[in-house]
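Once you've looked at the hints, dock chains S and X against the given chain W.
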Amino acid sequence: MRSRLRYFIVVLMATAFLSSCSELAPPADELSPSIPRTATGEPSLDGIWQALTEANWDVRPHAAGPALLPELGTFSAIRPGLGIVEGGEIPYQAWAAEKQQENFANRLELDPEGKCFLPGVPRATYMPYPLQILQTSQYVMVAYQFANAVRTIHMEDPGPSPSESWMGWSVGRWEGDTLVVDVSSHNDQTWFDRAGNFHSDALHVVERYTLMSPDHLLYEATIDDPNVFTESWNISLPLYRRVEENVELMEFKCVEFVEEKLYGHLRKDPSDDVEVNVVGVDPD
Amino acid sequence: MRHQLVALFFVFFVSAGLLISTVTVGQVSSTTEAAYMPPRTPEGQPDLQGIWSNAVLTPLERPDQFADQAFLTEEEAVAYEAQRNDETFRGTRDLDAATDVAYAYNDFWWDQGSTIASTRRTSLVIDPPDGRIPPLTAEGEKRRNARDEYRRLHPADGPEDRLLRERCIVWSGGGDLGAGPPMLPSAYNNNFQLVQTADHILILKEMIHETRVIPLDGRPHLPGSVRQWLGNSRGHWEGDTLVVETRNFTHKTHFQSTSEHMRLTERFTRLADDVLMYEFTVEDPVMLTRPWTAQIPTMKLDGLIYEYACHEANRGMVGLLGGARAEERAAREAANE
Amino acid sequence: MRILLIVLSAHIMFFTSIQLRAHHSFVAEFDPTQPIQLRGILTEVELINPHSWFHIDVTGPDGLVVSWAVEAGTPNTLFRKGITRDTLPVGVEILVDGYRAKDGTNTASGRDITFPDGREVYLEGSAPPAQDATSIP
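Protein chains in written order, with my numbering: chain W, 8 to 291; chain S, 136 to 472; chain X, 328 to 464.
Chain W extracted, bound-state conformation (with noise of 0.2 Å):
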């Protein structure tokens, strides 16, 4: 009799500790550990961030290709990339899509990026160069390290745009656990990536910043531009914390790496062998 109670005893906790395992494997679309929330329970987005993607070589999906100058080797070829666009195509009307082809084949000149211009909202999300958003209840900051850009999103209503900008014109609102913003004003002057994709001073974009796990944050854009394609159409792409210890941006401000780009045909001497200035290290 003692026996078999303790059998029964025994079945009914390997029961309880079976089932208790079943929930440590959580369904597929349940959340991860929990993330960390601010004081008034939104999603605390607070950190340095960096997006892996080859992106910025091409949002498209996209083969490897040789650098813009033969003496750089592999230094600066195109990295393949399985492409941030969702369907792989950006629905350009006929007239912009020979306009794309152009600034690729022009890019070396044109590339707003390669003269260390404001890379404008969306490329800056995704460059290979960290950010870092500081979140409160009236403005998200984000801080970029290429060309110490950064974007105020207003929480609060600004008001209308006095006029276009490089980083635009940002206004966030929760929905949920979702950061969404509202971008315009953009002027015409950024690119998406290095391949040329570009639009027009129409764009409005709208970003959703979801947090999926504590170290990593989903971001995703709607483009639109009746300008320049047909319909509007969607990017996706994690975003990841940098978890280093100690980790900060560093500076990169790039002007000095491309006076000579510029200006270099206005100089007295264009032969002149200038060094280009160089900031960063200890002249001591």
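Since the hints were derived computationally from the structure, they do not count as laboratory data. For every residue, glycine included, the Cβ atom is placed at its ideal position computed from N, Cα and C. Some hints could be false.
[What the hints assert, rightly or not] Mimicking BS3-like on lysine-lysine, the simulated pairs with C-alpha atoms at most 27 Å apart in a straight line are: (1) W:K268 with W:K106; (2) S:K387 with W:K268; (3) S:K435 with W:K122; (4) W:K275 with W:K106; (5) W:K275 with S:K387; (6) S:K435 with X:K408.
[What the hints assert, rightly or not] Over the 12 Å line for every Cβ pair with chain X, so calculated as not near, a few chain W residues: (7) G48; (8) G80; (9) W102; (10) A103; (11) F111; (12) P167; (13) E171; (14) E182; (15) G183; (16) T217; (17) N241; (18) M257.
Only chains S and X this time, still in chain W's reference frame:
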């Protein structure tokens, strides 16, 4: 009993008198004597956030006429402000052409504020007590003179010969003498935005969108082998004051003739809802004979910071270099005649 | 007497300090010996930094239209005064009083940008036109 009461009253009035007499002239507060308690962030820190303007008409250094005078009286301050605000570039200017060109455009475009510092000091420099930046060391003089001589001989051979602000690298408000940090007032867009989280402070200065994200967690500075235009900043709280220490500057910013050895300490204290006291100390044992400190009571701006992209449309650089080449060509042609 | 001294010294100090504060040295870009006055139709305003640009079409006595680019101040100052891309008087005739660029292009500094009746563009109030200027056809 009555004697005790009298004694008590006596003690009270004497103490009150002593207390009031310790409130010195020039106390930097736009509020009454009651200590201001700044609002707190959700993390419990003093809330320094907002968009602040350091547009004050007070000059950096004390002018000769005020040699021994650290503060203006209320009457003097009113007169001085009125005179400064009355000045305008509109209409006929009684200036030589070169100066007229240098002033670029008329008063409409300038935005230097309409008030002097609320402290009524005669200069932003508060230490040394004479309100002037201290002299350079012999090494400091040598470097500055070498730089000035080079500029004289090579004003525009290439972009590297021009001021950092003309190159759109770092904004400088005072000719070759200023390149922030620290943040000095200038001709326009004298604004910065401060955003804080539990372990970082972000300072976005409007001019050339200079953004510093400063950790507050006590980590060490980057090694001295790494130099940056904006240096490398670390922050911590001292009571209700945010203290930011910056080093690792380059040898090219030479803020007020300092060098790569410059160390900057900035202090931010909220004195009222609309006043953020900004104080900074500059040290450079190689170039300066002693450190100096300046103070700017910054005011809450009723407005936003707008993007100041600079390098992206720096047509002035093209015009400036092209103009120099045109003048050289003209001189060569004249010589050949 | 004290106040007079203060006024004078402040005057001197002000002019000394202001010289160093513009974005870049206009003296390096524009020619003090070539003051100019332009009268034309405002075709476009670029509200960009570090300088906004006013583009005007100037019609000469021969009927030829020449486009000029006029360099002005930071648009951020305009934004703070409530002026935006939607409030610009494009298509209107304006006067520009400034100096020619040294590099020989059709570029000028915009010392004063006014309507022909002397009103500051965007503002009420009078501003007498500049003197000793060369009119360009």
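**Asked** Which earlier hints turn out false for this structure, listed by number in ascending order?
**Response** 3, 4, 12 and 13
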